[in-house]
Amino acid sequence: MVTPTAPPPAPGSDFGPYRIDSVIATGRTGVLYLATDQRLGRQVALKVVVGSLAASPEFVDRFQREAATLARLESPHVVQVFDHGVQDGLPFIATQYAAGGDLGALVGRLGPMPLPLAAQAASQVAEALRDAHRAGVVHRNLKPSNVLLRDDRLDRIHVLVCDFGVGPTEGSAATEPASAAGAWNYLAPERLQGQPGSESADVYAVGCLLHETVTGRPPYAGTDVEVAMAHLDGPVPQLPGSDDATRRLNQILSRALAKDPAERYESASALRDDLRSFAGILSSPASPSSPPAPPVPAGPPPGHAAPTMAPTGPPPPAYQSASFPPAPPYGPGGPGGPGSPGGGKGSSRKPLVLVAAAVALLLVIGVGVAVAVSSGDDDEPQADPSNPAAPTSQSDPSSSGVPDPTGPPDPTQPTESTDPGEPIVPDTSGPVAGDIDGDGKGDLSFLTFDGLQTLPSTGAKFGEIKRRGNLSGTSAVLGDVDNNGRLDVVRISGEPPRFSAITSIKGAPISPLKTPANRDLTSALDYPVVLGDVSGDGNLDLIVFTPLSASRSQVDVALGDGKGAFAATKTWFSGDAGETEGGTLLVVDADDDGTNDLVRVTFGRATDNSPQAILLKSDGSAAFTVTGEPTTVDAAGFAVGTVVAGDFDGDGADEIAGTTADARKVNVWSWNGTTFDQTPWYDDSDSFDQLPITPSDVTVSDVDGDGFDDIVVLGARREDFTPFVDKVYLSDGRAFTPDEKWRRSTVLQGKRNTSIIPLGPVTNTKL
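The working numbering puts the sequence shown at residues 72 to 838.
In short, the hints are calculated from the structure, not lab data.
The beta carbon of each residue, even a glycine, is placed where N, CA and C say it ideally should be.
Label pairs and their computed distance ranges (CB to CB):
#1 820 with 690: 41 to 49 angstroms
#2 690 with 303: 44 to 52 angstroms
#3 581 with 694: 24 to 32 angstroms
With the hints as constraints, model all of the structure from the sequences given.
Laid out in structure tokens, this is it:
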């Protein structure tokens with residue numbers, strides 16, 4: 072018997088044979104839980120219908136028919152239904168639990184996927200629809216959030232389609248019109264005209280999904296009306312480029328997104344075969360029935376978003392075009408951002424901060440709410456700051472981003488010179504960036520559920536992986552939070568709006584952290600969290616960025632006591648700091664006043680989705696103020712891929728570096744009092760040579776220990792997506808020089824790794 076007024080079960084309670092472990096999400100139809108089937112000892116995703124919908128006989132009947140139909144549907148790429156019925160007066164359905172989260176969240180956190188990986192994912196979605204269509208079921212509501220990842224490995228991606236709106240293909244009362252059943256961004260033109268869902272409309276939705284996975288955004292953008300009109304009469308978006316891969320993908324998009332259903336792929340199976348062929352899964356040639364690639368449009372029609380942030384010049388070869396930057400096969404990253412407190416130029420370095428983005432591929436349900444701070448092994452030897460390396464620069468003086476000295480040199484501070492042949496003496500008074508083992512060389516570290524895993528640097532290459540099983544979790548930041556000259560690991564996990572800061576540093580108390588409530592934010596992975604001395608007292612503070620709406624944000628600060636504990640959070644900013652979707656948060660001392668400021672890098676609709684950098688200046692006491700003008704960020708016409716912060720010129724204060732999506736160009740940013748200036752420190756954008764490794768993320772670590780922070784480029788081997796360190800861009804204080812001797816695999820140890828995003832000042836949300 073259905074009891075619509077029955078309360079939903081709470082975490083920790085029993086719901087029939089299921090133990091409710093945690094809430095995954097809530098929606099208009101009910102609550103989705105992570106639960107344990109106590110009969111079989113396995114985890115399931117348990118969807119329970121509550122509220123007014125439970126009182127609707129029509130909805131309950133449709134819900135049960137959906138469950139029964141899906142339970143009979145056999146497909147490797149449709150989420151498996153284990154059980155369904157009514158329990159304690161509430162309808163429920165128990166399905167396979169997809170630990171990797173959903174495709175939409177993955178792309179939102181990591182950005183566009185490498186083309187072969189995107190094609191594999193889309194081909195599996197098409198296969199799921201083929202199997203459903205053969206069973207007489209159309210989806211009618213396909214979108215990235217309804218495409219789940221079985222696990223967090225992207226070297227062999229496996230998707231599971233869920234949330235079918237069940238209805239026979241020939242139409243019936245169960246096959247609703249499009250008015251409210253599907254997401255606007257994924258509705259086929261005929262559904263906007265009131266026609267019911269169909270197999271062809273599902274094919275159109277796969278084309279929309281394919282476009283979003285390779286560009287990071289749906290085919291059309293704007294208001295609901297603008298999106299609807301674009302689906303009806305706007306041109307099919309095409310990816311810029313003339314290389315074979317781009318032309319072939321444009322052919323697939325043109326056919327899948329054809330306005331007339333008669334001109335689309337005749338079936339989901341046909342679309343799957345073309346996607347498989349494109350991805351190289353099969354050796355069959357391109358389908359001869361595919362239409363020729365249409366010309367690349369000069370620009371989007373009014374009210375429509377440009378399909379990509381692409382260069383107008385010749386793109387790199389297949390899979391390397393900056394118009395659709397490759398996404399990491401590394402796993403998620405939470406929206407964490409880099410940060411590093413630095414004093415003004417000429418002042419001694421403040422405790423270095425290396426901030427990691429979250430390292431779970433997506434929300435891992437059931438992890439306790441905690442921010443744990445643990446000191447690095449204090450009995451390990453420390454780097455000797457009295458013997459810094461002093462490399463001789465061989466860079467072109469025209470690329471120098473180092474200002475002239477303004478007074479007599481201080482022997483304790485870095486020496487800067489206008490003479491490009493004179494070596495720069497870096498400031499080495501603080502911890503070495505990335506140095507987790509205390510040997511004076513910056514390492515590459517990853518936080519996983521199997522523990523902290525580190526590729527130690529020898530100064531010339533990365534050594535073998537070392538694991539510390541006592542440090543594990545989903546995300547972390549690094550910083551010298553107890554002012555002992557050593558980096559500490561600050562682990563972050565939990566569910567908003569309340570967190571806790573729990574430190575393993577002796578004597579440090581538990582510190583509660585509170586953030587604004589937002590039902591769309593379900594874990595710490597949704598919050599950019601950074602460390603920085605925003606109060607100017609020499610202690611690192613914990614800063615949490617919370618999106619409140621499309622354009623409003625809140626920044627809360629928990630002041631550090633210099634011993635590893637943080638005070639209660641206080642709101643330092645609430646207002647407009649640019650678009651809140653995507654982007655990252657960095658910590659730099661932009662105006663050299665000894666107090667850290669925040670830089671928000673994000674998309675801005677006013678600039679046709681070009682990335683923007685916005686400075687939030689700290690007053691040192693209790694407030695951030697948006698200062699100057701937003702800087703539209705570019706890289707000489709190429710799409711910006713990742714931004715990080717580090718002390719690249721060795722002056723003791725961090726700068727921002729932005730790389731192109733293919734990591735062929737690196738610009739260093741400096742604040743001029745109004746906007747950010749961008750100076751090229753490395754530029755190989757004229758080379759279109761095929762790269763053996765597809766770039767994905769970058770992080771910062773002073774791998775050679777010379778006092779100049781270096782950039783580490785991560786990626787995946789092209790033929791099998793094995794994660795690799797691609798190369799290291801070594802800084803000499805004036806320019807970057809790529810060094811491929813650091814290239815090696817980053818396949819980690821253990822069985823429970825949720826990701827391999829490195830700890831360090833890394834931005835995993837691609838721009």
